[in-house]
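With the sequences and hints as input, model every part of the structure.
Quick mapping for you: the protein sequence lines, in order, are chains W and G. According to the numbering used here, the stretch in the first sequence is residues 180 to 284, in order. According to the numbering used here, the stretch in the second sequence is residues 117 to 338, in order.
Rather than coming from a laboratory, the hints here were simulated on the basis of the structure. Wrong hints could be hidden among the right ones.
Chain G side only, calculated, beta carbon under 7 Å to chain W, not exhaustive [stated by the list, open to error]:
1. Leu-126
2. Thr-212
3. Met-214
4. Arg-276
Anything over 10 Å on all C-beta distances counts as not near chain W; from chain G, calculated [claimed, not checked]:
5. Val-123
6. Ile-127
7. Lys-129
8. Thr-171
9. Leu-191
10. Gly-213
11. Val-215
12. His-225
13. Gly-236
14. Gly-254
15. Thr-263
16. Trp-285
17. Thr-295
18. Ala-305
19. Leu-324
20. Lys-335
Result set (DSSO-like, lysine-lysine): computed pairs, CA atoms no more than 27 Å apart in a straight line [as the list claims (entries may be wrong)]:
21. G:Lys-335 / W:Lys-248
22. W:Lys-225 / W:Lys-250
23. G:Lys-129 / W:Lys-248
24. W:Lys-225 / W:Lys-248
25. W:Lys-245 / G:Lys-211
26. W:Lys-225 / G:Lys-172
27. G:Lys-335 / G:Lys-129
28. G:Lys-129 / W:Lys-246
29. G:Lys-329 / W:Lys-246
30. W:Lys-271 / W:Lys-245
31. W:Lys-234 / G:Lys-211
32. G:Lys-329 / G:Lys-172
33. G:Lys-329 / W:Lys-250
34. W:Lys-245 / G:Lys-129
35. G:Lys-211 / W:Lys-248
36. G:Lys-129 / W:Lys-234
37. W:Lys-225 / G:Lys-335
38. W:Lys-250 / W:Lys-271
39. W:Lys-225 / W:Lys-245
40. W:Lys-271 / W:Lys-282
By construction, the Cβ of each residue, glycine as well, lies at the ideal position given by its N, Cα and C atoms.
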Amino acid sequence: MTDEIRNLAKLDRLIHEPSRLAIMAVLSACENADFTYLLQATGLSKGNLSAHLSKLEAGGYIQITKKFKGKYPSTVSALTPAGRRAFEAYRKQYMAFVLGLAKDE
Amino acid sequence: MISQLNVEELIQKTRRYEYLDGLRDLQLAVLFGFSGLCVWLGFQPFWFRLIGNMTKMFGRWAAWLGMLPLVLMLLAVWGMTRLMDYLRSHWLWRKTGMVRARSWVVPRHITLISAGILLGGIAFGFVLRRLGWIANEGILNMLWTATGWSFGYTLVAMGRNLGLRRYLWFGVLGAVLSTAMLFLPLSFALFALAFGLLWFCLLVISGLITWRKAALNVKRGA
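Here you go:
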């Protein structure tokens, strides 16, 4: 069991938070997505989503582009190559942890 | 916030989003339809005569007009992409948000298998010719049939991967009909036209059914 706990501690904290994990999962499945899509896909509030996007951007996992579509501002987010690698690594680690738990049972 | 975070479901939902309005099917239909038409036109005597006469009248550069169908095909696909973007940003996805899909929809091994099917199909054509089951032109026609198998397989794999059942049906149907066409006494040009029209019709049906559902959903939501 200690091995599993050690592995759990190794999980990327920036991604492991559920809201950020949801954002990373959505962005991993596409080239980019706008703020409106992320809002409806993750179910987060505007303020929450904005705060988590900023944290992921500061961590170098996503790139945020702000532009105008006619009169309206549009915020588009995309995973950076480092973000894509980090998310894949997280998924592998997490799966290994879950499989480890299942073995113990 | 979603109460039980299901990462796989979120990934699946986002990947599927691109295909839920049928516009991608319609774009592919345009591509197939135009490809068949271009190849057919390229083998027509009247087309050769037209290019020949134009070359006589306007000089050698007019021979480049022979590329016109290809340019028109590219323009049609580009136009369809612009139309898709417009419809999605102004109507379909206005409330649900914009997503740009990844270029590799299916895992790499599916693409490799698909390429293998295409090459295997062409090799199979040579075997059939050796056995005397098809004429010389049949080998060329096998190019299209193998393309049908390869594309059909990709659709089926996409359908399974994204959980979209329509692609399973249309993929299988397209591959079977592409095979059946091999036994029709068609010249290479006519085969290309028939093949293009076959996939055009299948993809238009698939696209329009899906488009109708998506449009109704948007209307209900408005």
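Less than 7 Å between beta-carbons is the criterion; does Met-214 (chain G) satisfy it with respect to chain W?
At 5 Å from the nearest chain W Cβ, Met-214 (chain G) passes the 7 Å test, so the hint holds.
Check the hint pairing Lys-245 (chain W) with Lys-211 (chain G) against an upper bound of 27 Å on the C-alpha distance.
holds (18 Å)
Non-interface claim for Ala-305 (chain G): all C-beta distances to chain W beyond 10 Å?
holds (38 Å)
Mind checking the alpha carbons of Lys-329 (chain G) and Lys-246 (chain W) for me, to see if they're no more than 27 Å apart?
violated (31 Å)
For Lys-129 (chain G) and Lys-246 (chain W), compute the direct alpha-carbon distance and say whether it is at most 27 Å.
Holds, because 26 Å separates the two Cα atoms, which is no more than 27 Å.
Given the hint that Lys-211 (chain G) pairs with Lys-248 (chain W), test it: the Cα-Cα distance must not exceed 27 Å.
Answer holds: Lys-211 (chain G) to Lys-248 (chain W) is near 14 Å, not above 27 Å.
Would the non-interface assignment of Gly-213 (chain G) survive a Cβ cutoff of 10 Å against chain W?
violated (3 Å)
Could you grab the alpha-carbon distance between Lys-329 (chain G) and Lys-250 (chain W) and see if it respects the 27 Å cut-off?
Distance ~30 Å between Lys-329 (chain G) and Lys-250 (chain W) Cα, so the pair is violated.
Are the Cα atoms of Lys-271 (chain W) and Lys-282 (chain W) separated by 27 Å or less?
Answer holds: Lys-271 (chain W) to Lys-282 (chain W) is near 16 Å, not above 27 Å.
Decide if the proposed pair is consistent with the structure: Lys-225 (chain W) and Lys-245 (chain W), CA atoms, cutoff 27 Å inclusive.
holds (16 Å)
Between Lys-225 (chain W) and Lys-172 (chain G), does the CA-CA distance stay at or below 27 Å?
violated (66 Å)
Straight-line alpha-carbon gap Lys-225 (chain W) to Lys-335 (chain G), limit 27 Å:
Given that 27 Å is the threshold and the Cα spacing comes to 25 Å, the pair holds.
Hint violations for this structure: numbers 4, 5, 6, 7, 10, 11, 26, 29, 30, 32, 33 and 38, all remaining hints satisfied.
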